[in-house]
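Visitor: These protein sequences, in sequence, are chains A and B.
Residue numbering for the first sequence follows numbering that gives the first Met the number 0, starting at 0 and increasing by one per position.
Residue numbering for the second sequence follows numbering that gives the first Met the number 0, starting at 0 and increasing by one per position.
Check each hint, because a few of them may be wrong.
[Unchecked claim] Heads up, simulated PhoX-like pairs for lysine-lysine below, C-alpha to C-alpha not over 20 Å straight-line:
| id | chain 1 | residue 1 | chain 2 | residue 2 |
| --- | --- | --- | --- | --- |
| 1 | A | 98 | B | 64 |
| 2 | A | 73 | B | 39 |
| 3 | B | 52 | B | 39 |
| 4 | B | 64 | A | 73 |
[Stated by the list, open to error] Incomplete in silico selection of chain B near chain A, CB under 8 Å:
| id | residue |
| --- | --- |
| 5 | 3 |
| 6 | 4 |
| 7 | 25 |
| 8 | 27 |
| 9 | 28 |
| 10 | 50 |
| 11 | 52 |
| 12 | 54 |
| 13 | 60 |
| 14 | 76 |
| 15 | 95 |
| 16 | 98 |
Calculated directly from the structure, the hints in this document are not laboratory data.
Quick caveat, the model's predicted, so the values are computed rather than measured.
Cβ atoms here follow ideal geometry from the backbone N, Cα and C, with glycine treated the same way.
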Amino acid sequence: MFVVVTCSPVWVAAMSPELFENPFVWQSDLLVSERDECEFLGLILLHFPLLGLIMASDSGRDSDAAHEHFWIGKETLETVSLFSTNGAVKISRCLIGRKEDWEIILPTTSGRVCSRFSANHIPMYEAVFQEVGFNLPFSPFQASVFEWLELCPSQLRPDSFAYMMAFESVCRFLRLPTTRELFFALFTI
Amino acid sequence: MSFRQRTVLFKAFTSEATKFQTRFSLVRPRTEVALSSVLKVVERPHEDVRVVKERMPPFSFCWTKNHFKHEPAMFRHSYLGLSDRNKTSFARMLEFVGSFSRLEVVAEDGSSVLDSRGNQVTMACFIDTRYLVLSKDPLNLFGRFDLLLFFLCLTHAFY
């Protein structure tokens, strides 16, 4: 613990990038792991100037974070889901697919659509289900589109789901193979 | 991120939800059937046995910047690069939409709009994406092709 505090932020980041990215998590871990209160107070007194230095480097860290998230819009980074803030907002379970197969989990207020969630949790916009009429599961064609684009489903706007679904319907009607290659000969991003 | 049509076959889908970003939740597969639909079996070499089969998601479940490492052009497929089968499909789709009757453009008062030579102005007719995806039975809708065209005429008259 002492080593961590007395190191430069850069060195701390090299040791544990995920802690450096989120200092609040790191501080929380620090408090939990340090059970000796006296030792902890001593740490604060001895290293307060150094902690100040680390805090002073926040602006640099913020700019680093901003640089790292350049590919995410500011609005996306700031938008909290209404489902996490307003319990009165209802979400219709039956719209997403077979309720036996899929469940809806509400995000927390700290969660963003672009956050990293637990395994097998997939963030989805309600509009994809409600407005476009999409139902889970993803078809093999849709999965191949996400794979090809190297994107998560919610990185595509709801209208993109509409085009994929319409394309699949036309292919089915004309009895054509629904291929990703054909789709991307007709569509681009 | 949205798709744009390189060859227009579908009518633009305009979302009614302007603030869709504020309404997101998480979905999670709760059965083996659902889980299998978002995982695929991949084989990887292993030192003890020759290969090990693993189930991996074919696409990322969370936001990723991998897409942005590439130029947008990398994700396109040129017509010339398509297989013969896909070229046939491409032509069949163009033929299908091209077979739609062109719509006669009318003014607000219902009178025909004529060009400088006095001919009726017409416009191409495309597949109504919204109507198609919200239809409970899209294949049946195509089967009732007359109904689809009738609806297309109606919607174009309003827009």
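Visitor: Holds or violated: residue 98/A and residue 64/B, Cα atoms, limit 20 Å.
Guide: violated, 31 Å
Visitor: Hey, does the residue 95/B contact hint survive, CB to chain A under 8 Å?
Guide: holds, 6 Å
Visitor: Within 20 Å, alpha carbon to alpha carbon, are residue 64/B and residue 73/A?
Guide: holds, 15 Å
Visitor: For the pair supplied as a hint, residue 52/B and residue 39/B, confirm whether the alpha-carbon distance does not exceed 20 Å.
Guide: holds, 10 Å
Visitor: For a C-alpha distance cap of 20 Å, please report whether residue 73/A and residue 39/B respect it.
Guide: Judged against 20 Å, a Cα distance of about 33 Å means the pair is violated.
Visitor: Given residue 98/B as an interface hint, is the shortest Cβ-Cβ distance to chain A below 8 Å?
Guide: violated, 11 Å
Visitor: Have a go at the residue 50/B hint: is there a Cβ in chain A nearer than 8 Å to its own Cβ?
Guide: With a minimum Cβ separation of about 21 Å from chain A (threshold 8 Å), the hint on residue 50/B is violated.
Visitor: Report holds or violated for the interface hint on residue 28/B, using the least CB-CB distance to chain A and a cut-off of 8 Å.
Guide: With Cβ-Cβ at 6 Å, under 8 Å, it holds.
Visitor: For the restraint on residue 60/B, tell me whether the closest CB of chain A is nearer than 8 Å.
Guide: The hint holds - residue 60/B has a Cβ within 8 Å of chain A, the shortest such distance being about 5 Å.
Visitor: So, as I understand it, the hint says residue 76/B touches chain A; can you test that by seeing if any CB pair is closer than 8 Å?
Guide: holds, 4 Å
Visitor: With 8 Å as the cut and Cβ atoms as the points, is residue 54/B at the interface with chain A?
Guide: The hint is violated - residue 54/B has no Cβ within 8 Å of chain A, the shortest such distance being about 11 Å.
Visitor: Would you settle whether the hint for residue 3/B is holds or violated, based on the nearest Cβ-Cβ distance to chain A being less than 8 Å?
Guide: Result: holds, 5 Å to nearest chain A Cβ.
This entry does not satisfy hints 1, 2, 10, 11, 12, 16, going by the numbered hints stated previously.
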